[in-house]
Every structure is written in C-alpha cells, then in structure tokens.
Amino acid sequence: MKKFSVKTIVAIGIGAALFFVCGRFIAIPSPVPNTSITIQYGVLGFMSAVFGPVAGLLIGLIGHALIDASWGWGVWWSWVIASGVFGFLMGLACKKINLDDGICSKKDIARFNISQLICHIVCWGAVAPVLDILIYQEPVEKLFAQGLVAGISNAVTTAVIGTLLCIAYAKAKPQKGSLTKEE
Amino acid sequence: MINIFNYIERQSPIHRLTGATKLVCFLLWSFASMVTYDTRILAVLPVAAVILFGVSKIRLKDVKFILSVTAVFMVLNNLLVFLFSPMHGCEIYGSVTELFRISARYVVTREQLWYHLNLVLKYLAQIPMLLLFVTTTDPSEFAASLNKIGVNYKIAYSVALALRYIPDIQREYHDISLSQQARGIEMSKKESLVKRLKAASAILIPLILSSMDRIEIISNAMELRGFGKGKKRSWYMARPFTPADILSMIICGLLLVLAIIDTAKMGTRFWYPWA
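Those protein sequence lines, which keep their order, are chains A and B.
Under our numbering, the first sequence has 93 at position 93, and the numbering climbs by one with no breaks.
Take any residue in the second sequence, note its place counting from 1, add 1000, and you have its number in our numbering.
Worth flagging that the hints you see were computed from the coordinates, not collected in a lab.
A couple of the hints might just be wrong.
[Claimed, not checked] In silico contact screen, one side only, chain B against chain A (beta carbon under 10 Å); selected entries:
(1) 1035
(2) 1060
(3) 1080
(4) 1155
(5) 1162
(6) 1172
(7) 1197
(8) 1198
(9) 1204
(10) 1218
(11) 1223
(12) 1235
(13) 1264
[Stated by the list, open to error] Per the computed footprint, the stretches of chain A lying under chain B, defined by three or more beta-carbons under 8 Å from a beta-carbon of chain B, are:
(14) 16 to 24
(15) 58 to 71
(16) 129 to 142
[Claimed, not checked] Below, simulated DMTMM-like cross-link-like pairs (lysine to aspartate or glutamate); rule was C-alpha separation at most 20 Å, straight line:
(17) 176(A) <-> 1216(B)
(18) 171(A) <-> 100(A)
(19) 7(A) <-> 1223(B)
(20) 173(A) <-> 108(A)
Idealized CB from N, CA, C, for every residue including glycine.
Can you make the complete structure from the sequences, with help from the hints?
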C-alpha cells in the first residue's frame, strides 16, 4: 500500500473534483433510464493506476457521493460503494504499471484494459446489484439490467478514455533512465 | 459560475444547527428510511420533512429544478420496476389480488401498487432531507463536520479540497472545451457516439494533465506548511454543539432505532395491511 502522503490526500481531492466535473457535465444519455454514459470511470481508472488503491477508493466514494448529492435522485449508497470498490481494485491491479516513470508499453495497456474489464464486471455485475438488493429490495432483473448497461458503457469509456490518458500522461513524463551521468 | 450545491444562506433554526449535526441527522434519517418498508413510518417521514422545510425558510422555487429531476427519476424508476417484474409486489407480500389486466404478462395487482406506493414514499422521505442538508450546510463547514463525526482529518481535508476545486476545474474544462471547439472539434448531438467520445478525450487530456500539475503544486504548498504533522487539527468553520444540536441528533437517532425495532418485530421489512 502506498503511504498516505500529502500528495495522496491532494490527489484524492482533485481526483474527486475531476470525477465530479466529468460525471456531472460530460454525460451522454443512454437508452436505459437513470443510467447515462459517463466518462468519469476512465478518469477514475487512470487516477487509481497512478495513485494506488486507497486514493482510488476514496476518489470513487467522494466523487460519486458528490454527484449524487448534486442531483435530485438521492444518494444511492450501493452505487457509491461500487464506484469506490472499482477505484480500489483498479489501484491494486495496476500496481505494476509505473506511469510515473514515463513508460506505457503495450503490455501495460493490455494489463490496464483487462483489469478494468474485470473490475467493471465485479462492480456493476455483482457489488452494485447485490447491495441494491440488500438495501432497497428492488426487483432483481431490473437491477441487473441497470448494472449491465452501466457496466458495459463504463467499460467502453474506460477503455477509450483511460487508455488515452495513460498514454498521454506517460508521454508527458520524462522517461526513467533517459538521462545518463557523464563520466 | 453556477452554484451546484445550492447552499442558500438564510436565517433559520436549521441553518443555525452545526454542519456536523445536519450530517449526522441526514445519515440517520436516510438509513432509517432505507431500512424500513413499513408504510406507517414511511408516510410520516415526508410530512415531517415538509414541516422541516417550512422551518428552514427554503422556498419551493429554490429547489424547483432539482425536484423536477427527482420526479422524472421517480417515475422512470417505477416504470422500470413494473416493466421488469410486474409481480414483484406479490412475491414480497405473498398474495395475489388481481385488479385488472393489461396483457398476459402485465397484470396490475393490489400488492404491486402497494409496493410502488412504498417506493414513492421512500423517495419522498429521503430526497427532501438531502435537499435540506445541501441547501442549509455551508460547504466550507462540511469538512469540519466530517472531522467532528470521527472521519480522519486527512480524508476530511480531501473532501474540502474536492469542494474547493470543483468550480476551478469546471471553469478550466469550459475554457479548454471552447478553445478545442474553436479548433473544430464537434461535441453536439449531430456527431456519432464514437466521435463524441474522441472529442471528449481531446478536452480531457489537457484537463487531466493540468490537474496533475495542480496536484503537485498544492501538495508542495501543503507540505511546506507542515500539513499532516499533527494528530489533530483545528477548523476555522467548526462550531461547538448547542442543546438544539444534541436534541435533533437524539430525535433522528430514535427514528433509526424505531425503524430497526419495528422491522425486527414484524420479522420482515414489509408491511401489508391486507395480509
């Protein structure tokens, strides 16, 4: 686990703010009610990959709770928790990816995308509907349909946006070992 | 910049409660309405919420837009429940009382309608409290409140940072979006979904990269000021509890206890008068 440093704290704050802005203002409506195609999970996946599981967890929790609180549909704790779990799992899965070293190889991209796919399946296929059933007791079929649509659209946007962000960020960083010491 | 969290400054007893109290009350209240499906309790909560709204001097026109979103969401959610499982109420209440038929699959039953009534009541119990909390709590006091109810101050500070930087990032997003549009990217509904996703990333990449710089700058500034060295910190916006604070927290606590005892006593979360 990465140390809970000042940088992590700031990353959580700014990450949650980014998550909020992306989720609140850059939403594309989907055919299923109450579920829109949003790009914040690309940002969340990327932030978790850079700052680790604890930051991912809190960015998901805080960002999603703020989005829900700013709309009129109430805070859906089950989905808020699912977002947090997604950030946490992504942070764990992407530990081996060192974007800060300025490297984003094809292997890293593959790892990022496979883990985000698995994390999305876990979160929207299992965590969110199961919590919904426990807390709200709504019909199972409806919850799984909502979870399915959310999961697929999130996985697609994470694949596009998250991957692009990883590449762009790694390019902007000076590569590790790019400087050599003069004899 | 638009004020998303709609904090409305007025003089009222609810505004005078500390942020921590309102947070605790909001959480207890929403857990109570989440736990129970007892119509008797659920029917009382919205009435109480409306009375509290009156006390808080928040007017209907202040929250009109959000309430319209609530209404749309509520209708869609109920429709979706009915479409996916028209007999859900019957499964829950364990009986079938047919009222009329729409088609072979969609039969309207008394149990189903009762279940929908409960769903609607649940919304009406929760949403007004959320609105009340959001409109009467100063965002700057919110972090102090989180810390007061036992959240680690570093995490509370993250929340404060998020609230502080949302307007900044929003403005930056807007600026980048305009300058990218000036260069010819298309974000409107006329474009295909894939093109719009690509356009979104053309805005997002500069936004994220500049935010990463921002993280660096802020964390350096905080580190230089010795943030995180102590075990505790004080808050400029924190206020001490008054008797009114403690009383309102006790009332909301009792509400949750009532909901839990009631559920335990009935042996089920659902209450049905015709059972």
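Evaluated hints:
1. 1035: Because about 9 Å separates residue 1035(B) from the closest Cβ in chain A, which is inside the 10 Å limit, the hint holds.
2. 1060: 13 Å, violated
3. 1080: Check passed: Cβ of residue 1080(B) comes within 5 Å of chain A, closer than 10 Å.
4. 1155: Nearest chain A Cβ about 6 Å off; hint holds.
5. 1162: 4 Å, holds
6. 1172: 9 Å, holds
7. 1197: 5 Å, holds
8. 1198: Holds, about 8 Å.
9. 1204: Holds - the Cβ of residue 1204(B) comes within 10 Å of chain A, reaching about 6 Å at its closest.
10. 1218: For residue 1218(B), the interface hint holds, since the closest Cβ of chain A sits about 5 Å away, which is under 10 Å.
11. 1223: Cβ of residue 1223(B) sits 5 Å from chain A, so the hint holds.
12. 1235: 16 Å, violated
13. 1264: 16 Å, violated
14. 16 to 24: Coverage by chain B holds here, the residue count being 7 at a Cβ distance below 8 Å.
15. 58 to 71: holds (count 7)
16. 129 to 142: holds (count 8)
17. 176(A) <-> 1216(B): 19 Å, holds
18. 171(A) <-> 100(A): 10 Å, holds
19. 7(A) <-> 1223(B): Holds, because 9 Å separates the two Cα atoms, which is no more than 20 Å.
20. 173(A) <-> 108(A): Given pair residue 173(A), residue 108(A) holds - Cα atoms ~16 Å apart, limit 20 Å.
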